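Q: This is what each chain is made of:
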Amino acid sequence: MLEIKNLHASVEGKEILKGIDLTVNIGEVHAIMGPNGSGKSTLANILAGKPEYSVTEGEVMYEGKDLLAMKPEIRAREGVFLAFQYPVELPGVNNTTFLRTALNESRKYHSQPEVGAGAFLSLLKKKMHLVEMPDTLLSRSVNEGFSGGEKKRNEILQMAVLEPRLAILDETDSGLDIDALRIVANGVNKLKSRDNATIVVTHYQRLLNYIVPDYVHVLYDGRIVKSGGKDLALELEERGYEWVKQEEIAK
Amino acid sequence: MDTSQIKNWYLDLFKDFEKHLNGEKSSPVHKVRRNAIETFADLDFPNLHQEDWRFTDISPILKHTFSRARREGSRLPAADQLSPFLFGGMPEHRIVFVDGFYSPELSSVLELPKGTVVGSLANALKQENDTAVENISRSLNPGASAFTALNTAFAQDGAFIHLPKNAVVEQPVHILFLVTSKDNLIVQPRNLVITGANSRVNIVEHYASLTDTVYFTNTITEYIVGENSNIDVANIQSEHESAYHVASTVATLAAGANFVSHGVLLGASIYRHDVNVILTGEGGSTNLEGLYLTRGEQLSDTHTMIDHAAPRCTSQEHFKGILDGKSRGVFNGKILVRKGAQQTNSYQENRNIILSNEAKVDTKPQLEIFADDVKCSHGATVGQLSEESLFYLRARGIGVEQARLMLIYAFANDVLKGIKEDEVRSELAGILSSRFLENVS
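First to last, the protein sequences are chains F and D. According to the working numbering, numbering within the first sequence proceeds without interruption in unit steps and concludes at 251. According to the working numbering, numbering within the second sequence proceeds without interruption in unit steps and concludes at 441.
The shape of chain F in the complex, shown without the other chains (with noise of 0.2 Å):
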């Protein structure tokens, strides 16, 4: 589904991926780990096609195309989706019309019919209980004065709505408590079949034990310097990333 070959960006000029290769099948779950300033958010916000980052080198096929060609809407709508670490507070933006915007957008893409603000909104009502969403969410401008956990919760709502092929979460249990990180690690289970593949990006360990990869990867310093199962998240919250940051220097 997602061919990522020797993948090198920068952003203003300084380079943060020095050559990523990782191939993400269909029905897999992957998790990226690595310390901070390793290189997972620039490697999740390229996938998605933010602006400010530049590929210097290496490609990524999705299902077949090449993703780095497609604008970030064409990417989105082909099925890719980023549950962003910092999610965008839109004053103004009504939640609800925004995500039917959203879903129509990608209907109209795929030569799809629309969906009428009646039938959205039954929509809505059953994917809000995957993420136990209030209702008084919906009213609202998108994210504005959301507390961090609802604002994580609008990211999964917006997942369970648009329905993706290949999700990436970055960094999505940041500023979650527990029951908050239950809740999301929840909604993301729900959503995950064997037709779409999810990459989750994180720092902690905690994450994974909601939301159990096939395979993790370590980033660290713009490569990916470790590659294995589950196991390997344990592992890492028992040695630390010191661990493989010094297995790298004696290389």
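Calculated directly from the structure, the hints in this document are not laboratory data. Each hint can be trusted.
Some, not all, of what chain D presents toward chain F, calculated at C-beta under 7 Å:
| no. | residue |
| --- | --- |
| 1 | 388 |
| 2 | 391 |
| 3 | 406 |
| 4 | 413 |
FRET-style restraints, in silico, Cβ to Cβ:
| no. | chain 1 | residue 1 | chain 2 | residue 2 | range |
| --- | --- | --- | --- | --- | --- |
| 5 | F | 135 | D | 316 | 27 to 33 Å |
| 6 | F | 144 | D | 184 | 46 to 52 Å |
| 7 | D | 84 | F | 148 | 45 to 51 Å |
| 8 | F | 148 | D | 91 | 43 to 49 Å |
| 9 | F | 119 | D | 434 | 23 to 29 Å |
Computed from a prediction, not measured in an experiment: that's the story for all the values here. Using N, Cα and C, we set each Cβ at its ideal position, and we do this for glycine too.
Fit chain D to the supplied structure of chain F, relying on the hints for placement.
A: Frame of chain F; chain D shown alone:
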């Protein structure tokens, strides 16, 4: 033509105007006019060297010799030409002015509370309505600017609204000014709105045109807001983009009175609006909101002045601009808190979004506070659409054009949402969408 020649042009216009007045020359209002033309003769037109006009070059207006609108010269639009200006035919008291003159054919007033007058100033003056005669120009200094003097000198017609005490007018009063003439006219509406104690009225003050020739609207509205009464105005300026529009609004509030204004300012090549609110009685409150949209080479200038002359009054100002092309925006917000005006609460905000590289905005708060127990705050911002916000929308599959529109609309909407009439609000929302969709396609 230089400015002294253009001044003579208007002085000659006044002579011509007087010649056609016949018996009206002996009326009390004509004394007001004569005083005003004398004031005008002594004044210079504003120029860039004056502090209050330093960002607003009105010299293009002075390059034209506009002719005086005449009642007999105006062509009545057909009913279907009027419909685009009627907000889907919402129930309203409608008073229509064509080239500045009241049109009974196009106007229709619904049932009103006893003693309430909604009609034309010309009729009120002709009928020697005491309230009209006594109050016209009472709250306003004709020497405020040459434009104010000029309007006062030619004051003849416009809306006259008078609510006796306790009157509540349920439906909005829609005052529609349409310019239809192909001549290059100067149109000078003069409106007078007076509310008695505890009364209430919502007004839509609406300027539009059915012509694409260059014309000049020089308008004044006086609001005399009685004790504990409420006036809510939607001020819609959608003149033709080649027109000039200079406006002055003066609201004088008695104790406990409330004056609210929502401006949506879209048209005219040069637009200048002076809004003066004078809080003369304890516990008065005013809320001024405005949204100015400019493109091309438009210039839009709003000058507000809130005079806190009594204790425990509240004023709020919330102005927003969206500027495109090579256009220019000006916002100047003056707040004066006089010595005795203790426990004043005043808030002012001006936020601008610039959509192009060449548009520009000058924003300036001006606070003069002479009381010690007051709460005053202000803020101004000028910026672009947020890249972060745009990316967030695009990352959800929303195309860049639509994302821009959504953000512009969201920015504008908090001014629109204050407008009381649903039909007016949705019409303006539609104008906004089509303007920015057109802009991106």
